[in-house]
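As a plain string of letters, each chain reads:
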Amino acid sequence: DQQVKQNSPSLSVQEGRISILNCDYTNSMFDYFLWYKKYPAEGPTFLISISSIKDKNEDGRFTVFLNKSAKHLSLHIVPSQPGDSAVYFCAASGDDMRFGAGTRLTVKP
Amino acid sequence: KAGVTQTPRYLIKTRGQQVTLSCSPISGHRSVSWYQQTPGQGLQFLFEYFSETQRNKGNFPGRFSGRQFSNSRSEMNVSTLELGDSALYLCASSRSGDSSGANVLTFGAGSRLTVL
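Those protein sequences? They're chains A and B, same order as listed.
Numbering (the numbering used here) for the first sequence: 1 to 109.
Numbering (the numbering used here) for the second sequence: 1 to 116.
Just so you know, these hints were derived from the structure itself, not from any lab.
Remember, predicted model here, so these are calculated numbers, not experimental data.
A portion of the hints provided could be inaccurate.
Facing chain A, a subset of chain B residues (Cβ under 7 angstroms, in silico) [to be verified]:
{"hint": "1", "residue": "Thr7"}
{"hint": "2", "residue": "Val104"}
{"hint": "3", "residue": "Ala109"}
We treat Cβ as the ideally placed atom computed from N, Cα and C, and that holds for glycine.
Produce the entire structure from the sequences given, and follow the hints as far as they go.
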């Protein structure tokens, strides 16, 4: 049961531009949403989270937006840097944590 | 402080064999979760343990099992291995998983299992 979906397997952007990664979910009972970043040969690392009662959370270059009516969240990275190239996983927290399939972001110099 | 440690990092098995993977959580973390990562499928939730009890379970067959010890270390076992079990198995720990805030998981580097 895919409760969390990331429909774009990959995204390529130019350095300095904005990266927008999208995520959809089906379960209205999730209380937190999180983004993780994963480099090859490493485990995912926590990036940013947002409570289901908020619609925006910002941390430096990273901003997460939540649209509860659409069951949609997005991660904005601005400006994008080559070091941001990684796989990004969207996650939703309820009784346990469910992850999307991931989006591979490539930031070109 | 030490992170989440998973052993072994790499292993190769043949169909029909069984395998045991180990996970040592961050000191003070009482919850341990296991995930399977395969290309295109993302991280599939296997199960979560808290205080030696399985608290949640994903949609995997009974060949996949786990346990947690009193020191919070956890093991997962896969019996009668199939080719499709080839994957990266990730362990993650967190403090308690209560509802006081976002339950941030800290992941280990994973155990890559290849079934031939």
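Legend entry - Minimum beta-carbon distance criterion (7 angstroms), Val104/B to chain A: Since the shortest Cβ distance to chain A is 5 angstroms, the answer is holds.
Inset, instruction - Mind checking the CB of Thr7/B against every CB in chain A and telling me if the closest is under 7 angstroms? - result: Where the cut-off is 7 angstroms and the nearest Cβ of chain A is about 14 angstroms from Thr7/B, the hint is violated.
Inset, instruction - Would you check whether Ala109/B satisfies its interface hint, that is, whether its CB is within less than 7 angstroms of any CB in chain A? - result: Holds. Min distance 5 angstroms.
When held up to the earlier numbered hints, the structure conflicts with hint 1 and nothing else.
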